[in-house]
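**Student:** Based on the hints, put chain B in the right spot on chain A.
Residue numbers (my numbering), protein chains in the order written: chain A, 1 to 211; chain B, 1 to 344.
The hints are simulated quantities; they were obtained by calculation from the structure and are not laboratory data. Note that CB positions come from ideal geometry on N, CA and C, so glycine has one too. There could be a bad hint or two in this list.
Coverage of chain B stretches by chain A, computed from C-beta distances (three or more under 8 Å per stretch; other residues unrestricted) [claimed, not checked]:
| # | region |
| --- | --- |
| 1 | 145-155 |
| 2 | 198-207 |
| 3 | 221-233 |
| 4 | 288-294 |
| 5 | 312-323 |
| 6 | 333-341 |
In silico SDA-like pairs for lysine to any residue, Cα to Cα no more than 20 Å straight-line [unchecked claim]:
| # | chain 1 | residue 1 | chain 2 | residue 2 |
| --- | --- | --- | --- | --- |
| 7 | B | Lys277 | B | Leu229 |
| 8 | A | Lys110 | B | Pro327 |
| 9 | A | Lys110 | B | Lys178 |
| 10 | B | Lys83 | A | Arg74 |
| 11 | A | Lys190 | A | Phe200 |
| 12 | A | Lys135 | B | Lys272 |
| 13 | A | Lys135 | B | Gly269 |
| 14 | A | Lys135 | B | Asp46 |
| 15 | A | Lys77 | B | Ile81 |
| 16 | B | Lys83 | A | Asp80 |
| 17 | B | Lys129 | B | Leu12 |
| 18 | A | Lys77 | B | Gly94 |
| 19 | A | Lys77 | B | Leu92 |
| 20 | A | Lys77 | B | Thr82 |
| 21 | B | Lys83 | A | Ile61 |
| 22 | A | Lys110 | B | Asp87 |
| 23 | B | Lys332 | A | Gly191 |
| 24 | B | Lys178 | B | Asp285 |
| 25 | A | Lys166 | A | Thr127 |
| 26 | A | Lys135 | B | Val308 |
| 27 | B | Lys83 | A | Lys135 |
| 28 | B | Lys83 | A | Gln70 |
| 29 | B | Lys272 | A | Asp136 |
| 30 | A | Lys135 | B | Ile81 |
Chain residues, written in single-letter form:
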Amino acid sequence: MTEDEKTRVVMIAGLSGSGKTRLIRSLLDGIDTGRTGVIVNNEKSERELDGLCKVVDSFPIRTPCARPRQYRYRIEKMLDANDLGLIMTEPPGLCSETSAPVLNPIVMFKKDSVTVGPLITVMDYTTIPVKGINKDLTDEFKLFNLIFESDCIVVRKNEHLSEEQKKRVSSEIEKINPDACIVFHSDDEKGMESINKKVFSDEIYSRPLIY
Amino acid sequence: MTPRENFVSRILMRGSERTPVFLRDLTLGLDVNNTPTDAVFGKEYDSRESARCVLALQNTLGQDAVVGCIHTYSLEAFGGITKYPSDGIPYLSGAPFDDITKMNEHDPDDIRDRLLIGMRDSYRIVRKKAPDLAVVMNISGPVNTAGNLRGIETFLMDTMINPDIAYAITEFSTRVMKSTIEFIGPENCDTVYIAAASDNPDMLGPKDFRRYSLTHMRDITRFVHGLELPLVFHPHGTFSTSDRADLLADSIETGIDGFQFAENNEPLGILKQTKDKCSILGGVDAFTTLLMGPEKRITRDTNIFLDVLGKEDYVLTCSCSLNRGLPIRNVKTMIEAVMDYDRR
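Same shape as in the complex, but just chain A:
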């Protein structure tokens, strides 16, 4: 199978309520969805996206060690039943865990049929503390890990941010992960263009696999 024939898997991560499903919905708007599959992590999101692409599946909550193994089976099941060029997926689990562990088995065991696209993490700008991220506090430690593993950080709900505030948010993210692409996104903004470029380019991503 050539690289072009492989299915691209794009992970859209982020804490619960951060806007993952909404971003997927925006990405589906305006692309050829006939060969696109989506895996979300709850039935409500599955219903929301039903009919907007070729196939939607939901992968309910799993324990941290079960989710990497079962996620692989889920991808295999979707690929066996459908001819897909792209799978966009939320991570299974509680959304507070890192996603690299669930992508790795795909890379390891499905590399003949799948390529890994960017790991995109969606976050509400208010979750990034003004004083900077303190790894010694549980919630901020989780945020740190999510930023650290990502290829792209999409900052949502930023409509009322000043340029200075945007700079502060960017600087906090860059301190943790200087390689990440940062996109300040609202649905009607041209930020979608940057995300689209990330998702649909031919670039091969490796940050989740090597950090």
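**Tutor:** Below, chain B without anything else, positioned relative to chain A:
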């Protein structure tokens, strides 16, 4: 010291000459012998093949402690369904108590079915054939078992909507754990290991973690100590941060002998609480570093743990259990890094 003495000595905080290694190799041994998963979990559990795989892996890698059989969830006794893909890892396909009334149709001792008999036989064979190895009895934790029986989403809903049901099923699970431990038998192992991915404050919240997990862990620990065995607790979730220090302290106060931290924990944060109170287990991330390599990264990450914990009451493990498909060469690299560290 034999590997068995080395491992037990560290678990009991009595010191030892080198860093013991325990891989919690639940199904990885199948790869060494090229044994299909469904060959062990066939119509009858093949205890001889199971033991052969466990010992073949130990022979290849030289770790100090092994799990005594190729493991599964063993919930068929309660009406659960486990799938055994030929070249894959056993996984649960149905939750037996999704209808809670089914719990009343069962007794915790039902767990002692033909499958568990086969698994016990494997423990016996391993113990007999390798008396110098430490054998660790892998037992699913209270909420972990409850989540498997009820379905984890339903269980989490129960904790909010029907806490009495959640408590009852966790109590039932604790009795299943005790029944299993007693049945496999203290004579066939050196340590009981409570594998508890769903006993997880990130999932349950600290309050419910105390209520559903720690209450029952205290009970289980007393029970295991009554059998004159030490116990290691391996919950998942974050414990190394300062705002979780109390939670870790409460976990240790249940009387456990060892605490294994999972991935995404800082070893120093865990050590601050465990030091002089119980032994500490943990190590390289199984799903990132150990799965993907390369060798340099495995050695680097192993040394990060050893630099912090190598002189402590520490047993090197991985962040999670090891299962088939993981490159054995990568595990070997990790063990070589431990040996190099001890030689320094």
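**Student:** Tell me whether the statement that chain A covers the region 333-341 of chain B is true, taking a Cβ distance below 8 Å and needing three residues at minimum.
**Tutor:** With 0 residues closer than 8 Å to chain A, the region 333-341 of chain B misses the three-residue bar; violated.
**Student:** Are the Cα atoms of A/Lys77 and B/Leu92 separated by 20 Å or less?
**Tutor:** holds, 16 Å
**Student:** For the pair supplied as a hint, B/Lys178 and B/Asp285, confirm whether the alpha-carbon distance does not exceed 20 Å.
**Tutor:** violated, 30 Å
**Student:** B/Lys83 and A/Lys135 were given as a pair; does the straight-line alpha-carbon distance stay at or below 20 Å?
**Tutor:** Violated, because 40 Å separates the two Cα atoms, which is more than 20 Å.
**Student:** With a cut-off of 20 Å on the C-alpha distance, tell me whether B/Lys272 and A/Asp136 pass.
**Tutor:** holds, 13 Å
**Student:** Measure nothing beyond the straight line between the CA atoms of A/Lys135 and B/Lys272; if it is 20 Å or shorter, mark the hint as holding.
**Tutor:** holds, 16 Å
**Student:** Can the restraint linking B/Lys83 and A/Ile61 be considered satisfied, given a maximum Cα separation of 20 Å?
**Tutor:** Satisfied, since the Cα-Cα distance of roughly 19 Å is no more than 20 Å.
**Student:** A/Lys166 and A/Thr127: Cα distance at most 20 Å?
**Tutor:** Holds, at roughly 13 Å.
**Student:** For the region 312-323 of chain B, do at least 3 residues have a Cβ located nearer than 8 Å to some Cβ of chain A?
**Tutor:** holds (count 3)
**Student:** Take a quick look at whether A/Lys110 and B/Pro327 sit within 20 Å of each other, Cα to Cα.
**Tutor:** holds, 15 Å
**Student:** Keeping to a limit of 20 Å between CA atoms, is the pair of B/Lys277 and B/Leu229 held or broken?
**Tutor:** The hint holds at about 17 Å.
**Student:** Going straight from one Cα to the other, do B/Lys83 and A/Gln70 come out at no more than 20 Å?
**Tutor:** Between B/Lys83 and A/Gln70 the Cα gap is close to 12 Å, so the pair holds against 20 Å.
Violated hints for the displayed structure, listed by number in ascending order: 3, 6, 9, 14, 17, 23, 24, 27, 30.
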